[in-house]
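Visitor: This is what each chain is made of:
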Amino acid sequence: MYARDIGDQRLTFGVSGKLIMNALVMFDRQTETLWSQFLGEAVTGPLAGTALDVLPAVLTRWESWLELHPDTTALNQGGPVNDSYAGYYFSPGAGVLGERHRDDRLAGKELVLGVALPQGRKAYAHRQLAQTPVFNDRIGDRPVLIAYDSKALTAVAFDPTVDGRVLRFEAGGVLNGNAVARDLETFTLWSVLSGEALDGELRGRRLVALPAFSVFWFAWSDYFPGTALYEPPP
Amino acid sequence: MRAFLLVGLAAILAVALACGGAEPPDAPHATPATAETEAPPITATEAPTPAETPLPATGTAAADEREVDSFEIVTLLPKDAIPAIDHPAVISATAADEQLRASDLVIGVSIGDEHRAYGVAFLSGHEIVNDMLGGTAIAVTW
Chain Z
1 MYARDIGDQR LTFGVSGKLI MNALVMFDRQ TETLWSQFLG EAVTGPLAGT ALDVLPAVLT
61 RWESWLELHP DTTALNQGGP VNDSYAGYYF SPGAGVLGER HRDDRLAGKE LVLGVALPQG
121 RKAYAHRQLA QTPVFNDRIG DRPVLIAYDS KALTAVAFDP TVDGRVLRFE AGGVLNGNAV
181 ARDLETFTLW SVLSGEALDG ELRGRRLVAL PAFSVFWFAW SDYFPGTALY EPPP
Chain L
1 MRAFLLVGLA AILAVALACG GAEPPDAPHA TPATAETEAP PITATEAPTP AETPLPATGT
61 AAADEREVDS FEIVTLLPKD AIPAIDHPAV ISATAADEQL RASDLVIGVS IGDEHRAYGV
121 AFLSGHEIVN DMLGGTAIAV TW
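Protein chains in written order, with the numbering used here: chain Z, 1 to 234; chain L, 1 to 142.
The reader is advised that the hints may include incorrect statements.
If you anchor each label on the Cβ, the simulated ranges turn out as follows [said to hold, decoys possible]:
#1 L/His87 <-> Z/Leu184: 44 to 52 angstroms
#2 Z/Arg105 <-> L/Met132: 36 to 44 angstroms
#3 L/Asp80 <-> Z/Phe187: 32 to 40 angstroms
#4 L/Gly134 <-> Z/Arg29: 17 to 25 angstroms
#5 L/Met132 <-> Z/Val166: 32 to 40 angstroms
#6 L/Pro78 <-> Z/Pro118: 36 to 44 angstroms
#7 Z/Gly177 <-> L/Val90: 23 to 31 angstroms
#8 Z/Asp141 <-> L/Asp80: 41 to 49 angstroms
#9 L/Asp80 <-> Z/Gly164: 42 to 50 angstroms
#10 L/Pro78 <-> Z/Asn82: 23 to 31 angstroms
#11 Z/Gly7 <-> L/His87: 21 to 29 angstroms
#12 Z/Gly7 <-> L/Asp97: 47 to 55 angstroms
Treat the hints as calculated values from the structure; they're not laboratory data. This structure is a prediction, so every number in the text was calculated from the model and none was measured. Positions of the beta carbon are idealized from the N, C-alpha and C atoms, including for glycine.
Given these sequences and hints, build the entire structure.
Guide: What follows is the structure, encoded as structure tokens:
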């Protein structure tokens with residue numbers, strides 16, 4: 001998800017009908033610039049080279065989101081909707097264009113959490129996160145907290161720094177239906193979905209979400225050949 | 001996440017045409033996809049310099065664009081064949097609970113004290129929602 005303001009110019013995006021490596025290319029109605037959704041950057045047109053500001057968003061289940069934010073609003077979709085792509089998510093094909101850089105470290109349709117920082121990028125397989133749902137890691141020299149809520153199917157990345165101190169985290173089980181992480185310095189319980197401290201010494205504080213999104217491995221590895229892929233310690 | 005739905009729709013279009021040309025309900029204006037490559041391929045590192053100073057790349061996937069050596073832009077559908085939402089209607093959690101099943105996937109967004117959910121199945125037919133939340137202009141993309 002992105003902010004639509006570039007300086008003092010507000011953009012409105014449409015679907016261009018074009019793809020880059022199987023991923024959406026948007027255009028803006030103000031300048032007709034083409035934007036890669038995947039890269040968050042203008043690729044051709046008057047604003048080429050401009051980056052959009054990434055805003056944090058999570059992919060999750062409705063019940064988990066509603067539990068977390070009972071006062072949420074929602075986009076009116078007119079009624080229940082069935083996902084016409086449900087069959088696509090688990091079929092073996094990797095989009096109509098195929099892959100340029102096939103990477104057999106994971107199956108193509110495995111979901112990964114892709115984290116993109118100035119210090120580098122790294123992918124975390126959802127399957128791995130289901131086994132170890134909360135852990136500290138590093139991307140380059142930057143500490144990161146990776147967390148997964150298996151019921152919500154939500155994978156997130158946070159900055160584990162609070163008041164200048166890098167906290168270490170472990171899985172804390174489930175609180176009010178949603179997964180929580182526990183830091184080993186204060187034993188505060190933190191919501192995996194929101195990064196908010198729910199109970200303990202640091203209650204009310206909030207971890208800063210890092211730019212990350214869940215995506216098929218074939219697409220992530222196609223855009224970023226040779227990408228770092230998290231491997232758990234033996 | 002969300003990146004591959006245009007491909008999915010194109011595939012559905014192709015299937016619909018193969019099955020006798022039925023129009024897919026979600027894209028009444030769509031014409032058949034001919035995967036036509038725009039020439040020449042664009043090299044990311046040769047992208048023209050923007051007229052204005054670019055905003056700082058606050059952690060986009062383009063953190064180091066040189067890793068994306070070059071890419072082709074492929075045209076599958078006409079512009080706006082998949083209609084983005086420009087004037088989203090917003091409902092309460094109670095009303096939304098009538099539209100979304102407990103296990104339905106949503107994209108959840110929080111800005112300040114405001115929270116909004118966007119049903120993924122619905123987004124599949126639109127791909128982009130131009131919205132306002134917490135006073136910020138946002139593009140929710142799938």
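Visitor: Does each hint fit the structure? Answer for all of them.
Guide: For each hint, the structure was consulted:
With their beta carbons about 48 angstroms apart, L/His87 and Z/Leu184 fall inside the hinted range of 44 to 52 angstroms. Judged by the Cβ atoms, the range 36 to 44 angstroms given for Z/Arg105 and L/Met132 holds: they are separated by roughly 41 angstroms. Checked against the hint of 32 to 40 angstroms, the C-beta distance between L/Asp80 and Z/Phe187 comes to roughly 53 angstroms, which is inconsistent with it. In this structure the supplied range 17 to 25 angstroms holds for L/Gly134 paired with Z/Arg29, their Cβ-Cβ distance being about 23 angstroms.
Remark: the range hint 32 to 40 angstroms for L/Met132 to Z/Val166 is upheld by a beta-carbon distance near 36 angstroms. At about 37 angstroms, the CB distance of L/Pro78 to Z/Pro118 agrees with the hint of 36 to 44 angstroms. Between Z/Gly177 and L/Val90 the C-beta distance comes to about 25 angstroms, which sits within the given range of 23 to 31 angstroms. Checked against the given bound of 41 to 49 angstroms, the beta carbons of Z/Asp141 and L/Asp80, roughly 44 angstroms apart, stay inside it.
Here the CB-CB span from L/Asp80 to Z/Gly164 is close to 49 angstroms, well matched to the stated 42 to 50 angstroms. As the Cβ distance of L/Pro78 to Z/Asn82 is approximately 26 angstroms, the hint placing it in 23 to 31 angstroms holds. Here the CB-CB span from Z/Gly7 to L/His87 is close to 24 angstroms, well matched to the stated 21 to 29 angstroms. Between Z/Gly7 and L/Asp97 the Cβ separation comes to about 39 angstroms, which falls outside the hinted range of 47 to 55 angstroms.
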